[in-house]
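Following the hints, position chain L against chain G.
Those sequence lines, one after another, are chains G and L. Each residue of the first sequence is one higher than the last, beginning at 0 in numbering that gives the first Met the number 0. Each residue of the second sequence is one higher than the last, beginning at 0 in numbering that gives the first Met the number 0.
It is worth saying that the hints were derived from the structure and are not from the lab. Keep in mind that this is a model prediction, so the values were computed, not measured. Where hints are given, some of them may not hold.
Restraint-style ranges between C-beta atoms, simulated for each label pair [what the hints assert, rightly or not]:
{"no.": "1", "chain 1": "G", "residue 1": "173", "chain 2": "L", "residue 2": "315", "range": "37 to 47 Å"}
{"no.": "2", "chain 1": "G", "residue 1": "164", "chain 2": "L", "residue 2": "114", "range": "32 to 42 Å"}
{"no.": "3", "chain 1": "G", "residue 1": "375", "chain 2": "L", "residue 2": "27", "range": "54 to 64 Å"}
{"no.": "4", "chain 1": "L", "residue 1": "14", "chain 2": "G", "residue 2": "336", "range": "30 to 40 Å"}
{"no.": "5", "chain 1": "G", "residue 1": "173", "chain 2": "L", "residue 2": "222", "range": "56 to 66 Å"}
{"no.": "6", "chain 1": "L", "residue 1": "14", "chain 2": "G", "residue 2": "363", "range": "51 to 61 Å"}
{"no.": "7", "chain 1": "L", "residue 1": "114", "chain 2": "G", "residue 2": "105", "range": "57 to 67 Å"}
{"no.": "8", "chain 1": "L", "residue 1": "222", "chain 2": "G", "residue 2": "286", "range": "38 to 48 Å"}
{"no.": "9", "chain 1": "G", "residue 1": "285", "chain 2": "L", "residue 2": "233", "range": "51 to 61 Å"}
{"no.": "10", "chain 1": "G", "residue 1": "23", "chain 2": "L", "residue 2": "319", "range": "33 to 43 Å"}
Every residue, glycine too, gets a C-beta built ideally from N, C-alpha and C.
There are 2 protein chains.
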Amino acid sequence: MKIIVLKFGGTSVGSLEKIIKVSKIIISYIKKKYKVIVVSSAMSGVTNELLSKTKKIARNFPNDEKDVILSTGEQISCALIAGKLRDLGYMSRSWLGWQLPIITRGNHSSSRIIKIKKNKILNYIKKGGIPIITGFQGVNNDFRITTLDRGGSDTSAILCAKFFKAEKCIIYTDVKGVYTTDPRLTTNAKKINKISYEEMLEMASLGAKVMQPASIQEARLNRIEIDVRSTFSKTTGTTITKKKNIFSNNTIRGISFTKNDAKLTLIGVKDKPGIAASIFKPLYENSINVDMVVQNVSAGGKETDLTFTIKLEDLKKTEKLIKNNIFIKYRKLIINKNVSKVSIVGVGMITTPGITYRMFKALAKKKINIEVISTSEIKISVLIDKKNLKKSVEILHQEFKLNNSL
Amino acid sequence: MKIIVLKFGGTSVGSLEKIIKVSKIIISYIKKKYKVIVVSSAMSGVTNELLSKTKKIARNFPNDEKDVILSTGEQISCALIAGKLRDLGYMSRSWLGWQLPIITRGNHSSSRIIKIKKNKILNYIKKGGIPIITGFQGVNNDFRITTLDRGGSDTSAILCAKFFKAEKCIIYTDVKGVYTTDPRLTTNAKKINKISYEEMLEMASLGAKVMQPASIQEARLNRIEIDVRSTFSKTTGTTITKKKNIFSNNTIRGISFTKNDAKLTLIGVKDKPGIAASIFKPLYENSINVDMVVQNVSAGGKETDLTFTIKLEDLKKTEKLIKNNIFIKYRKLIINKNVSKVSIVGVGMITTPGITYRMFKALAKKKINIEVISTSEIKISVLIDKKNLKKSVEILHQEFKLNNSL
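For reference, chain G alone in the conformation it holds in the complex:
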């Protein structure tokens, strides 16, 4: 059996007309003799609308009941797709998380899929049926509905591809693929044909919102090849695959950036062992993710300056936690909300000397000041003034010849 998993995102099923479009895409694979397994998100906007109901009715709305409510989004979109396919003469039905079942563990609203029971779906596709499986949800040991992290439908699709041993997983979305950088920022952005899991992971977590990072990680671990492509265009998309399948002319594959960061600098922190830990512990305990961190070498050995970045949305909470933290002494807290992080990403970077130098030189030439630097094996990130964002991305795009990408 040639099994293929097709995943449709919220915007792809965002209206009844779009669901009809989606049904026709599904049929095109059936005509190519594929056994198709569909995973769908909720119609765009629905999940947020439902979420706002829970927030309005109770300050501490319990997560288990929130999951019962949010899961209706996919329940509806999947039944609409199945109903339309039947209307068009195909055998199809919706499969809710609890009906397979898709078994999850962990807390409500952020559960993990640990197993997808296969037999019912395999029997169904053998008989010629097209199963439409609800993304983003499952059922736990107590037979209660659970949901994954937001955007979890991508993970549902990848794990369906894994458990059903699919040839491929195709993510249908509202963009044509993965770009060298965000096409909304600069028209220089170019679609990438093939990208490695690792590069995609860096691009995704750095703000290129094509897929949820956790789902790319699952694909990488299970060696599931992914195609990302547009529901509304015939052009081929981007294939996300193993490093060794990538034959690129470029060391740098993409430039990602963030716009919603905040930089905090603690001036005159008393320098003693464990001081950074005591600053970051309460942040960690409150699920605040600290991204870039720089600690200055302390000039007389007594005091140091500590700079770090967080998501802008966490700023208020972070400020409060630092001010209430009795374990740290510092002279002054400086906050800068006008920062952006620009990153160049590429798996070839580690074997190519001089990349860092070229990046810094290109920015310096345009008089763009670098505030913080962080690097990984396949990525270099710099923090800059937000007003220089477009200029920085364009100069780096040019420097690393991304216009000529394959």
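This is chain L only, laid out in the frame that chain G set:
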């Protein structure tokens, strides 16, 4: 255990504010030491909105997928109630039809509940929990979600009362109880304190839309006492109970009426045995309900006139079926859309002579013409010109002294 079943209708949970109100009603029973089982409808309007989606996307949207979609209405309302109760400090959770399970048989979209599994709910209420059970739905042998007939949440509640051996079932709705006639038509209408199942059944099926008729029938068969009362008022409602519990000063207990009927008269039908059957067979096969029927005695034995009433919404289909029916010959079809059926209802009628005479005389006095008559053991119905509806109801209300009802 003193178990009570509380059922909330769509208007009772029609907004977040109303759900908060409902939560407080539930808590008031907990404070009276009841073990409360809640059954809820979907928020008003939601089911119709979902239904319109299925109609828009496919001309023949399959009923099984329609059920998957419609069931989300109660899934959301029940989770909102449970979440609010938890927020207020009570142990509560939603229970979806498939989680108990509530087992149904029959076709999708018009299934019947055949069993409600009790053990999980009984364990839960013993531990002090307040279960919020989705009305209107269940699960079939194939583990697929099913729904009952529209308004089926009443039946869900009655059957919960039956299976859990509840002391009583209280139907919370948007009216204060059952009235002698529709208060929107005449201010003379008076709330009835106690009514028998049989009377209520006639009132319900004749257009007094307080409860779904099938649910009253279930209550009658299982001797479940029902209270109907308003979610938004403290006044006591109407108790629906056994005939022998009714001690009324009146033979006639209520006057119900319809506004959406159509009268069809076939003039000059060739009179031969089985002619009525051949007229009504195609209507029956198309689920068109024929209500009142009169066949004139044929003058010479060759021809007769046949008059019958149907729901106005079935008129077009009926007209077509009659015109295409090759088995019947008639001279002319006369259609009258301006008719109303007025019925007087009372279990004591059968033992009280002269009721029919009093009804006809009262109408005649006001020069109201009776077009068709039909009678049952506890009801007399007459078809009149719609323009005389209000006048007719008021004169009958006065004739049978319903202003003095208990």
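Hints, one by one, checked against the model:
no.	hint	result
1	G/173 x L/315: 37 to 47 Å	43 Å, holds
2	G/164 x L/114: 32 to 42 Å	39 Å, holds
3	G/375 x L/27: 54 to 64 Å	60 Å, holds
4	L/14 x G/336: 30 to 40 Å	38 Å, holds
5	G/173 x L/222: 56 to 66 Å	58 Å, holds
6	L/14 x G/363: 51 to 61 Å	60 Å, holds
7	L/114 x G/105: 57 to 67 Å	34 Å, violated
8	L/222 x G/286: 38 to 48 Å	55 Å, violated
9	G/285 x L/233: 51 to 61 Å	45 Å, violated
10	G/23 x L/319: 33 to 43 Å	34 Å, holds
Hints 7, 8 and 9 from the list above are not met by this structure, while the remaining hints are.
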